[in-house]
Amino acid sequence: MAAVSMRLPVVRKAVGPSAPRGGEKHLVAPGDTITTDTGYMRGHGTYVDEEKLIASVAGAVERVNKLVCVRALKTRYNGEVGDIVVGRITEVQQKRWKVETNSRLDSVLLLSSMNLPGGELRRRSAADELAMRDYLQEGDLISAEVQSIFSDGAVSLHTRSLKYGKLGQGVLVQVSPSLVKRQKTHFHDLPCGASVILGNNGFIWIYPTPEQKDEEAGGFTTSLEPVPLSDREVISRLRNCIVALVTQKLMLFDTSILYCYEASLPHQIKDILKPEVMEEIVLETRQRLLDLEG
Amino acid sequence: MASVVLSEAEKLYIVHGVQEDLRVDGRGCEDYRCAEVETDVVSNTSGSARVKLGHTDVLVGVKAEMGTPKLEKPDEGYLEFFVDCSANATPEFEGRGGEELGTEIANTLYRVFRSESSVDLKSLCINPREHCWVLYVDILLLECGGNLFDAISIAVKAALFNTRIPKVRVLEDEEGSKEIELSDDPYDCIRLNVDDVPCIVTLSKIGYRHVVDATLQEEACSLASLLISVTSKGALTSVKKMGKGSLDPESIFEMMETGKRVGKSLHIALQKTLDEEESLGSSRQKVGFLG
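Residue numbers (our numbering), protein chains in the order written: chain S, 5 to 298; chain R, 122 to 412.
These are calculated hints, taken from the structure and not from any lab test. Model, not experiment: these values are computed from the prediction. Keep in mind that the hints are not guaranteed to be accurate.
[To be verified] Examples of chain S residues lying across from chain R (beta carbon under 8 Å, computed):
id: 1; residue: A6
id: 2; residue: S165
id: 3; residue: L166
id: 4; residue: V238
id: 5; residue: S240
id: 6; residue: N244
[What the hints assert, rightly or not] Which bits of chain R does chain S cover? Going by a derived footprint, with three or more residues having C-beta under 8 Å, they are:
id: 7; stretch: 155-166
id: 8; stretch: 210-217
id: 9; stretch: 240-252
id: 10; stretch: 325-332
The beta carbon of each residue, even a glycine, is placed where N, CA and C say it ideally should be.
Excised from the complex, chain S in its bound form (with noise of 0.2 Å):
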């Protein structure tokens, strides 16, 4: 049976102003005067103007002694190292692969920094360079981490580790760089039966959690086995609640993801994105959240 809802569009505000904790932001919007007092040093996002500094980026004020500096809150992602990215190739080059990233510049991978099968160390050889498009070609997803940074601000990636590599089937969301919240690790097999890594660039990958650790998990063999039903339904609801929680501007992290993961288990997996369903998911996990820290 066919459900189609149409509805009239309205207002919506954001789910209540939660209590600013630690004091308040300072928040500014592009041309406004942050200080008029010379002695700071202006950083990112700001400039001077008439003995005036003045923000470029809207987003929060950061002081750290004398250097004042405006990070923004809706911006491409900024590579720092040891940052875990998922990301797509768009080209094959000739020794290195462009990796999309959602940044400004595309990222690279250089063939030197991929893992080859089976985990040899050996030089890359003419033969390898010709065979790279059996690795990865344009359109596949791959998790890594960043290696460095180049001097125009293009990242560098490298999967020298087994939990790096091509990824196989599931569901990419892609979300704001700034909602992803730092953290120790960003791989995450959520007890609700899938596996989630949140990429800093702000890609989530949302998979099934594979059977068993093998060795060649970090490699370039994907299973092509259909996913059972139960996985799937699993792996939408929790896309879903990633978007409800995007949409509500929350931090993303494992907790506030599994937190709203239960708050939506009443409702059908296709009603958590009507805007109703999703104000009332989000003011739950908010309220867990903050019980968690209170």
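Got chain S sorted already, so can you dock chain R onto it with the hints?
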């Protein structure tokens, strides 16, 4: 059309999901995404509507102007469609990139509305062979999130429902020349009957089954799709096949049946929303673009 690149494993996941009637966002094969419809958003048009279907955002404006009837249909008015693919929708539409898609959509709309009974064109006539109302329907694509044709047809129907054409009187002079007089009252206008205006339902074939209201990712997995236009009574006015894949005649028949069924539910939901909006009258809080 805007498209995303997907890995083979992702496509496989989507195809298997559709086989089991559970799509990536939890919908079944015949479910639409949540849609928001609002009319009267552009003030200097005779009628306008904005439809948001998931990530797809469409704005339609209808302007009624006086013109001469076409030679082969001297006692009828007519509709003119124009589609503008804004560069805001996707970078592919920059410059003249969106022209091809725009003309394709406009031609599809001409086909859909070619049927005699869709809109009562005779009511648009003022003076046979001399004056008639021409409805210029302008469609603006603000965001491309998959399933463009459905969203556009819903918006066109809503905009036509919202259109108010001023009442005119024809006065005969002594010399026999006719003068057209516009009524002074701005609320004195005629409304169009949109009961028979068709809506387009796009059915995309993914694997062995077909889905309604495909997202961009699902469109990337489907090789062929069928566009059918259905009226509220379930009558088909046009059928068009798109995509480079082939369709079996059996599946075409199944898809048409699904399309008719889904189309009827679509019309019922749309009419209910439009009536609800109408009943709120002037107390309705307009959301517009800054809501």
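Consistency of the hints with the structure:
1. Because the smallest distance between the Cβ of S:A6 and any Cβ of chain R comes to about 4 Å, under 8 Å, the interface hint for this residue holds.
2. With a cut of 8 Å, the hint placing S:S165 at the interface with chain R is violated, because the nearest CB-to-CB distance is about 20 Å.
3. For S:L166, the interface hint is violated, since its Cβ never comes within 8 Å of a Cβ in chain R; the closest pair sits about 18 Å apart.
4. Here the hint on S:V238 is broken, as its CB sits about 11 Å from the closest CB of chain R, past 8 Å.
5. The closest approach between the C-beta of S:S240 and any C-beta of chain R is roughly 4 Å, which is under the 8 Å cut-off, so the hint is satisfied.
6. Taken as an interface hint, S:N244 checks out: its beta carbon lies about 6 Å from the nearest beta carbon of chain R, inside 8 Å.
7. For the stretch 155-166 of chain R, the stated coverage by chain S is satisfied: 5 residues place a CB nearer than 8 Å to a CB of that chain, which reaches the threshold of 3.
8. With 0 residues bearing a CB less than 8 Å from a CB of chain S, the stretch 210-217 of chain R misses the requirement of three and the coverage assertion fails.
9. Given a C-beta distance limit of less than 8 Å, the hint that chain S covers the stretch 240-252 of chain R is violated, as 0 residues qualify and 3 are needed.
10. Taking a C-beta to C-beta cut-off of 8 Å, the stretch 325-332 of chain R contributes 0 residues in contact with chain S, too few for the three needed, and the coverage statement is violated.
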